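Peer 1: What follows is each chain in one-letter form.
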Amino acid sequence: MAERPEDLNLPNAVITRIIKEALPDGVNVSKEARRAISQAASVFVLYATSCANNFAMKAKRKTLNAGDVMAAMEEMEFERFLEPLKEALEVYKKGQKGKKEVSEQKRKDKEKKQDSENDRSREEEEEEEEERMEEEPEAEEDEAEN
Amino acid sequence: MKMSQNSSDKDDQSPGNKKGISLPISRVRLIMKSSPDVSSINQEALFLTTKATELFVQHLAVTSFNNGSGKETNSLSYSDLANTAEETETFHFLTDILPKKILARDYLQSLEEMKEEDADF
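Just so you know, the protein sequences line up as chains A and B, in that order. Under the numbering used here, the residues of the first sequence are numbered 1 to 146, in order. Under the numbering used here, the residues of the second sequence are numbered 1 to 121, in order.
Only chain A is shown next, with the shape it has when bound in the complex:
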């Protein structure tokens, strides 16, 4: 898949929001500064990825994992990120577990429903047959009255 240069940029609106929330109220951030920070963020991702990948390769793994990223942050001298990252990861993992349980439950419920629906539709068919047989004599009576 060919990547266009724009695709490797992060959305300006989100970057702007993060900057504004980090700075004191009312600070004027120039358009040029915003663009530069956005580009810096993309470079940061590349640098962090490359660094994390080195750790993965050293451990003879092909898949980057959480530990690799944490090690990369330390290597890049962003130790200040480690605590907030650990906390965020905990919340994330709980959220993922919850989602998994919800979708597992939904799947089980669906299976249960399908089973009971199959049973019910068989019962209904039998009931309908009985009703039809009962209705016929009544229908004749109605016709006779009209």
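Please note that a few of the clues may not be correct.
[Stated by the list, open to error] Simulated restraints on C-beta separations:
| hint | chain 1 | residue 1 | chain 2 | residue 2 | range |
| --- | --- | --- | --- | --- | --- |
| 1 | B | D118 | A | M57 | 44 to 54 angstroms |
| 2 | A | K60 | B | S34 | 19 to 29 angstroms |
| 3 | A | G98 | B | I102 | 51 to 61 angstroms |
| 4 | A | K113 | B | N66 | 56 to 66 angstroms |
| 5 | A | D109 | B | E87 | 22 to 32 angstroms |
| 6 | A | P84 | B | S34 | 25 to 35 angstroms |
Hint data in this document are derived by calculation from the structure and do not stem from the laboratory. Please read these numbers as outputs of a predicted model, since none were measured by experiment. We treat Cβ as the ideally placed atom computed from N, Cα and C, and that holds for glycine.
Given chain A, put chain B in place with the hints provided.
Peer 2: Just chain B, lined up with the frame of chain A:
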């Protein structure tokens, strides 16, 4: 890696979301995949990189603002960022993409001076 959770990206962007990230994971993943030698990235690593990038944006903005000349004028300009990249070690990796700007006039003058120095030898 299965991205079966693309729909969850929308949840991530809502304010006060539990996961606490605003940047789109899918975009971060695109950037990461453009790095050579990277085969696959697990979901947690993807999340952490996205979160770290947000922390980085905050850190860069705040550091540049605090070190910069804009504190009196209450503004953050490009040159604040370029100066920070040069002066703060952890931001050195940004010097190529955040070069300091100089006036063309000054650049030409320093070229002249270099030529004169060569001429002396």
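Peer 1: State for each hint whether it applies.
Peer 2: Results of checking the hints against the structure:
no.	hint	in the structure
1	D118(B) / M57(A): 44 to 54 angstroms	holds (46 angstroms)
2	K60(A) / S34(B): 19 to 29 angstroms	holds (23 angstroms)
3	G98(A) / I102(B): 51 to 61 angstroms	holds (55 angstroms)
4	K113(A) / N66(B): 56 to 66 angstroms	holds (59 angstroms)
5	D109(A) / E87(B): 22 to 32 angstroms	violated (60 angstroms)
6	P84(A) / S34(B): 25 to 35 angstroms	holds (26 angstroms)
In terms of the numbered hints stated before, the structure departs from hint 5 and from no other.
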